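*Asks:* One-letter residues, chain by chain:
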Amino acid sequence: MLSYSFLVNALIGALLSGLSLAIFAPFVTLRKISYMGEALSHIAFAGIALALLTKLPLTLTTLIFVMLIALAIAALARKHKLQESNTISIFLSVSMALGVILISLSRNYSFDLASYLFGNVLLITTGELLGLAILAFLNLAFVLIFYKELFYLTYNAEMSRVFRIRINPVNRIFMLLLAANIVVNLKSAGIILVTAQLILPAVIAFNLASRLPRIIMLSVAVSLVSALLGFYLSFSVNLPTGATIVLCEAFLFFLTLGFKRRY
Amino acid sequence: MIKISQLQYKLSGKAILEDIDLSLAEGEFVAIIGPNGAGKSTLVKLIMGLLELQEGRIEIDGLDQTEWLKNHSFGYLPQHEDYDRNFPASVLELVLMGLAGTLPLGARFKKNHRDQALNALNEIGLGHLASKRIGSLSGGEFQRVLLARAIVGQNRYLILDEPEASLDRPSVESFFALLKKLNSAGRTIITISHDLNILSEYCSFLVCLNRRLHCHNHTELVDAQIIHKTFGDSVRIIEKDY
Chain A
32 MLSYSFLVNA LIGALLSGLS LAIFAPFVTL RKISYMGEAL SHIAFAGIAL ALLTKLPLTL
92 TTLIFVMLIA LAIAALARKH KLQESNTISI FLSVSMALGV ILISLSRNYS FDLASYLFGN
152 VLLITTGELL GLAILAFLNL AFVLIFYKEL FYLTYNAEMS RVFRIRINPV NRIFMLLLAA
212 NIVVNLKSAG IILVTAQLIL PAVIAFNLAS RLPRIIMLSV AVSLVSALLG FYLSFSVNLP
272 TGATIVLCEA FLFFLTLGFK RRY
Chain B
27 MIKISQLQYK LSGKAILEDI DLSLAEGEFV AIIGPNGAGK STLVKLIMGL LELQEGRIEI
87 DGLDQTEWLK NHSFGYLPQH EDYDRNFPAS VLELVLMGLA GTLPLGARFK KNHRDQALNA
147 LNEIGLGHLA SKRIGSLSGG EFQRVLLARA IVGQNRYLIL DEPEASLDRP SVESFFALLK
207 KLNSAGRTII TISHDLNILS EYCSFLVCLN RRLHCHNHTE LVDAQIIHKT FGDSVRIIEK
267 DY
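Chain order of the listed sequences is A and B.
In terms of our numbering, the first sequence has 226 at position 195, counting the first letter as 1, and numbering is strictly consecutive.
In terms of our numbering, the second sequence has 150 at position 124, counting the first letter as 1, and numbering is strictly consecutive.
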């Protein structure tokens, strides 16, 4: 199976995608902003529509659009003391509405909604693989360098400010990287897999470990194992790759529930 | 010294604090008392810079509050801390939070920081819980761990918002005895409390607040009339001869 170069690319893509999202998954889940992944991927819809209308480069336009919205969500929630969930919902609905209007204005009826929902890892190009590798490296470096700030930001942002922990710049980078992860992974993984990859590896790791560094490592391991297993199964039984990876993770989640640690 | 001048604070047009002029000297054990909604928590949040000043001025150690906060912080024990019992943090990691702001961005904790955190835990008698998960603690234990976090940074000013709220009576006594010890070691304690009995025993300076200041003076100079004026009809004063 690996004698085909496009399959090798697809496998590397699935592994890199799993790695980069799994590093962030524990923080996203603990901050209870797992819906943020889903929301940002829907917000990307407006970015895609904007790129189609203006004929600007698709990925770059979407990336800038989603990053700006992610920063606006963080700033609005902080400045006006709004709940992040409500702020995200506002931007989600507005972006979806904007996306539909922009798509209709661009008269682009060839826009493939299914590929946006489910992605197709087999279509991944070498350039996109490079983008995924750079992003995975940036995620890893970010978490390693700013672990202390991320840890306390995730625990309690208000108390972090009391103790003068510099969480604001770290939160901004976190939001930007999260947005970048979603946009870059959208083509290969689609909304559904991106959302699953931001939740499932972390909740499986929570079942098995009680310290955050170990949880992050387990989250990455679970994600890589699921990507390998899902990839193998999808080609053995001829199933869609992304969906099979998600099912593998769901299976691991139920399998590890019995090991769930109680504090 | 903390000097507050002409402080006013409004929320949705409603006055929460009016005409507050107050000086809190270093080394005092200050108690802020007043009925619910009197503006006590707002006052301490304004002192700590957690709320933006609308009118008035706060000076700390002769510096404008904003200037002072660039290089200092307060030790703070909130009345209630929002946290997820399943959060994967140990007691030691929670106490280290009190030191995290003293380290540069991205710097890691070193052995001396862990030793400091462990000393703070030992000081409150919970050193044996250092490696436990925070979710496994009782309410009283958690409150004491938060006190360890508040004192670990050796901040000169320690602010507490109703520390007795989640403690039973014997624990309140020992908690205030511990605060007194910290006060004797040179820390300025500012606590919000409703427990007048405890306060009369441990505090040296009383601030009676009900939107406006009704009194700020040393405890022996505060009489029943002032307490009554602060709390209105909600308090019944029983005088005892000892």
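In case anyone wonders, no lab produced these hints; they're calculated from the structure.
Note that this is a predicted model, so its numbers are computed, not measured.
Hints are not guaranteed to be accurate.
[What the hints assert, rightly or not] In silico lysine-lysine, DSSO-like type, Cα no more than 27 Å apart, as pairs: (1) A:K110 / B:K71; (2) B:K71 / B:K36; (3) B:K158 / B:K71; (4) A:K110 / B:K36; (5) A:K291 / B:K158; (6) B:K40 / B:K71; (7) B:K137 / B:K96; (8) B:K206 / B:K71; (9) B:K96 / B:K158; (10) B:K158 / A:K110; (11) A:K110 / B:K206; (12) B:K29 / B:K137; (13) B:K71 / B:K96; (14) B:K158 / A:K63.
[Claimed, not checked] The following label-pair restraints were derived from C-beta to C-beta distances: (15) B:E149 / A:H111: 32 to 42 Å; (16) A:L270 / B:G151: 32 to 42 Å; (17) A:P244 / B:P130: 39 to 49 Å; (18) B:D87 / A:G158: 51 to 61 Å; (19) B:S197 / A:K291: 29 to 39 Å; (20) B:P130 / A:L102: 53 to 63 Å; (21) A:T157 / B:L131: 51 to 61 Å.
Even glycine gets a Cβ: it sits at the ideal position worked out from N, Cα and C.
*Asks:* Each of the hints needs a verdict: does it hold here or not?
*Replies:* Quick rundown of the hints versus the structure:
no.	hint	verdict
1	A:K110 / B:K71	17 Å, holds
2	B:K71 / B:K36	14 Å, holds
3	B:K158 / B:K71	30 Å, violated
4	A:K110 / B:K36	17 Å, holds
5	A:K291 / B:K158	17 Å, holds
6	B:K40 / B:K71	17 Å, holds
7	B:K137 / B:K96	26 Å, holds
8	B:K206 / B:K71	23 Å, holds
9	B:K96 / B:K158	34 Å, violated
10	B:K158 / A:K110	36 Å, violated
11	A:K110 / B:K206	38 Å, violated
12	B:K29 / B:K137	37 Å, violated
13	B:K71 / B:K96	16 Å, holds
14	B:K158 / A:K63	23 Å, holds
15	B:E149 / A:H111: 32 to 42 Å	40 Å, holds
16	A:L270 / B:G151: 32 to 42 Å	59 Å, violated
17	A:P244 / B:P130: 39 to 49 Å	21 Å, violated
18	B:D87 / A:G158: 51 to 61 Å	58 Å, holds
19	B:S197 / A:K291: 29 to 39 Å	32 Å, holds
20	B:P130 / A:L102: 53 to 63 Å	24 Å, violated
21	A:T157 / B:L131: 51 to 61 Å	36 Å, violated
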